[in-house]
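Colleague: Fit chain B to the supplied structure of chain A, relying on the hints for placement.
Protein chains: 2
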Amino acid sequence: MNLDFIQKQAKSANTKMVMLVLDGLGGLPSGPNGQTELEAAHTPNLDALVRDGIAGLHLPVGAGITPGSGPGHLGLFGFDPTRYQVGRGVLAALGVEFDLQPGDVAARGNFCSLDEDGLVTDRRAGRISTERNEELCKLLEGIELDGAEVFIRTVKEHRLLFVLRGEGLNAEIADTDPQALGVKPLDVVAKTKAAEKTARLVAEFIEKAKERLAGHHPANMLLMRGFAQKPTWPTFREAYGLRACAIASYPMYRGVAKLVGMDTLHAPTTLEDKFALAAEKWDDYDFFFIHKKDVDSRGEDGDFAAKVAAIENADQAIPALMKLNPDVVVVTGDHSTPAQLAEHSWHPVPVLLHSKYCRTDEVETFGERACIRGALGPRLPGIELMPLMLANALRLAKFGA
Amino acid sequence: MNLDFIQKQAKSANTKMVMLVLDGLGGLPSGPNGQTELEAAHTPNLDALVRDGIAGLHLPVGAGITPGSGPGHLGLFGFDPTRYQVGRGVLAALGVEFDLQPGDVAARGNFCSLDEDGLVTDRRAGRISTERNEELCKLLEGIELDGAEVFIRTVKEHRLLFVLRGEGLNAEIADTDPQALGVKPLDVVAKTKAAEKTARLVAEFIEKAKERLAGHHPANMLLMRGFAQKPTWPTFREAYGLRACAIASYPMYRGVAKLVGMDTLHAPTTLEDKFALAAEKWDDYDFFFIHKKDVDSRGEDGDFAAKVAAIENADQAIPALMKLNPDVVVVTGDHSTPAQLAEHSWHPVPVLLHSKYCRTDEVETFGERACIRGALGPRLPGIELMPLMLANALRLAKFGA
Chain A
1 MNLDFIQKQA
11 KSANTKMVML
21 VLDGLGGLPS
31 GPNGQTELEA
41 AHTPNLDALV
51 RDGIAGLHLP
61 VGAGITPGSG
71 PGHLGLFGFD
81 PTRYQVGRGV
91 LAALGVEFDL
101 QPGDVAARGN
111 FCSLDEDGLV
121 TDRRAGRIST
131 ERNEELCKLL
141 EGIELDGAEV
151 FIRTVKEHRL
161 LFVLRGEGLN
171 AEIADTDPQA
181 LGVKPLDVVA
191 KTKAAEKTAR
201 LVAEFIEKAK
211 ERLAGHHPAN
221 MLLMRGFAQK
231 PTWPTFREAY
241 GLRACAIASY
251 PMYRGVAKLV
261 GMDTLHAPTT
271 LEDKFALAAE
281 KWDDYDFFFI
291 HKKDVDSRGE
301 DGDFAAKVAA
311 IENADQAIPA
321 LMKLNPDVVV
331 VTGDHSTPAQ
341 LAEHSWHPVP
351 VLLHSKYCRT
361 DEVETFGERA
371 CIRGALGPRL
381 PGIELMPLML
391 ANALRLAKFG
401 A
Chain B
1 MNLDFIQKQA
11 KSANTKMVML
21 VLDGLGGLPS
31 GPNGQTELEA
41 AHTPNLDALV
51 RDGIAGLHLP
61 VGAGITPGSG
71 PGHLGLFGFD
81 PTRYQVGRGV
91 LAALGVEFDL
101 QPGDVAARGN
111 FCSLDEDGLV
121 TDRRAGRIST
131 ERNEELCKLL
141 EGIELDGAEV
151 FIRTVKEHRL
161 LFVLRGEGLN
171 AEIADTDPQA
181 LGVKPLDVVA
191 KTKAAEKTAR
201 LVAEFIEKAK
211 ERLAGHHPAN
221 MLLMRGFAQK
231 PTWPTFREAY
241 GLRACAIASY
251 PMYRGVAKLV
261 GMDTLHAPTT
271 LEDKFALAAE
281 KWDDYDFFFI
291 HKKDVDSRGE
301 DGDFAAKVAA
311 IENADQAIPA
321 LMKLNPDVVV
331 VTGDHSTPAQ
341 LAEHSWHPVP
351 VLLHSKYCRT
361 DEVETFGERA
371 CIRGALGPRL
381 PGIELMPLML
391 ANALRLAKFG
401 A
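As they're listed, the protein sequences go chains A and B. FYI, the numbering for the first sequence is 1 to 401, going by the UniProt record's numbering. FYI, the numbering for the second sequence is 1 to 401, going by the UniProt record's numbering.
Keep in mind the hints are simulated off the structure, nothing from the lab. Hints may contain errors.
Below, in silico cross-link-like pairs of lysine to aspartate or glutamate (DMTMM-like), each with a Cα-Cα straight-line distance of 25 Å or less [to be verified]:
#	chain 1	residue 1	chain 2	residue 2
1	A	LYS293	A	ASP273
2	A	LYS398	B	ASP80
3	A	LYS193	A	ASP177
4	A	LYS208	A	GLU167
5	A	LYS11	B	ASP99
6	A	LYS208	A	GLU131
7	A	LYS11	B	GLU300
8	B	LYS191	A	ASP4
9	A	LYS398	B	GLU300
10	A	LYS208	A	ASP177
11	A	LYS398	B	GLU97
12	A	LYS11	B	GLU97
13	A	LYS8	B	GLU343
14	A	LYS16	A	ASP80
15	A	LYS356	B	ASP301
16	A	LYS398	B	GLU384
17	A	LYS356	A	ASP52
18	A	LYS8	B	ASP80
19	A	LYS398	B	GLU343
20	B	LYS193	B	GLU172
21	A	LYS184	A	GLU172
22	A	LYS8	B	ASP177
23	A	LYS398	B	ASP327
24	B	LYS281	B	ASP99
25	B	LYS281	B	GLU343
26	A	LYS356	B	GLU343
27	A	LYS398	B	GLU157
28	A	LYS11	B	ASP122
29	A	LYS398	B	ASP303
30	A	LYS356	B	GLU300
31	A	LYS398	A	ASP4
32	A	LYS8	B	GLU172
33	A	LYS11	B	GLU343
34	B	LYS208	B	ASP177
35	A	LYS356	B	ASP303
Which residues of chain A face chain B? A few of them, derived with a C-beta cut under 7 Å, are [claimed, not checked]:
#	residue
36	PRO178
37	ALA375
38	ARG379
39	PRO387
40	LEU388
Built from N, CA and C at the ideal position, the CB exists for glycine as well.
Just chain A, same shape as in the assembly (with noise of 0.2 Å):
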């Protein structure tokens, strides 16, 4: 079922919904007896709420597919990922929290290195250090355009946000990172004629940004690509008729939940204390879209022992969140990122929903193996999450007569 469908079948009601999302959840059986990190965990409370409701693993984007977190996001949110897509210069912003406005073109910058005839020697420019990159934006903020204001953000080591304001901005640019060496950074061309006078202004600016960075090597030149503008997307009250909010501590999620319309609260840390701020906004919201990073970096890391100890440190903190007593609650994550890759994966995504109108299977315990015979089934279109959980919270009209 597609958006505008369910949009058509949102109804109200006065339920509680929390999706709580462990970064990267999903493993692979590379530890000491041949189990994954979840199987390995001791999960007394999620295997509890397993046994009340009903497992399976759900697939993100589709068969063999490795999400990003902005893709692996939108799924769970019922964004269809292959059809909602955010452009690079859009994650670049929410990734440092830029409050994009609509209209605004962003891209991401790399500093790179040329040599004297001009041809790319280091795309990444020696990967220096964040704190050069700050000094550097410094020298770029100064520079003045003819019809736009330029907004410069230090992202990380060689990474920037680029951001041009302005009327009758238009993000049909292509890239100018040639993804080449030895050859020249590639001309700013606007790929419509609607794109041909930010085409100008980015040329312009590239232009006075090589002047000021040329004394700078190795980052004697910036590298451009992903123009985008902010989309604009249903948002959770429009689709789904729900008030909700993301309680995620990293900007990405919370820039993410943003497109979506959710509103993003202020952050603590631990579970324990996201809980806590859920309970102190239980009655402004209906859906709380809660999440947990550190399963995803201990994944990320390749340590087998660290990622298990973060999801029995999710565990621990069930009971707090079950006081609360919601409608509907969903435990999954994103995507999955086995200590034994270090990076995210395609593998399906070990998934429950608990709710008091589940019919129960026989999976007794939350593990990517015991929820292949769950009743979500072992390749669940993750966009079906959604609309599950609104069944479940009975804010699903029934569909003809």
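Modeller: Only chain B this time, still in chain A's reference frame:
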């Protein structure tokens, strides 16, 4: 696979197929031993079919979607219910077995109450009795329009069917029901130029009806909604090459079957008698849709034990069905109606398929949780049942060389 694709693959064979629909079959584990209605029921004959056949659970419309009876059955018949939608006016006509002709415009009407200022005070006219409705409909039947014939039929309580028959009619007309109190009924508005003539006729009818109903408070006015024309869909014969009949007692299900070109036989009440009728007509048809209503009715009553009894009653009739030696049998529901909810629900529906070409699975009893492990999986799209039945009846040609 959509219907167009299946249609191209359909081929003839000398095989007989039976689809037995136990309306509202799926339930929730609210019974004495934590069982669902179907799990609690003693169903030795259905269990025997499951042991020889394959099982699973199907999703009539999609994840989280609660189907009405129309969409639920259309899905079983292989017609994607999100694509093949029936207007409320047509459903009202089906419900009273009005013989809607191509070109007729039908609407669902409500008697309602207006105060002295012409404002709606009760959209259902105090739910007048069906007898009173019949008297009032007689008043309205005499209304004559210039250029179209009018048909009025009592549905139940405050509900009636309005049908306009004539040349060049069009159903693109907005509802006159304001869906609110304290406001006037909405004017009759044509949504397209092609519907203007029809809108004038409807407005003229409503004006005359208002005059005739003037002294009959609380039913002193009419509201109309769901203007619609009979759809022109492929028939079972066109889509599948099947001579199909419906053996169903309730007008609604007979009506939906008619929409897809089935003959509707005058059906007896008990399942044994329905199977006897099928036996009588065995040579005349290839496909028998046989419908049992009370499983749903008892679920809607919220009566767990009575729903169990209705399922057991169906089970007892199964030997009579199998004596006919059908090549393919499917037993399922059009949606779930858990006694716990006392209404239709979004939960997947147990299904079994029996033929001599089944790759039997490990499921040994017909129940929601047992079916999760079946060969059809826990979330089979409902529209895939018809292609599976056709295949098992050796009625689908090889695709490609």
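Colleague: Taking each numbered hint in turn, which are not upheld by the structure, reported in ascending numerical order?
Modeller: 5, 12, 23, 25, 36 and 38
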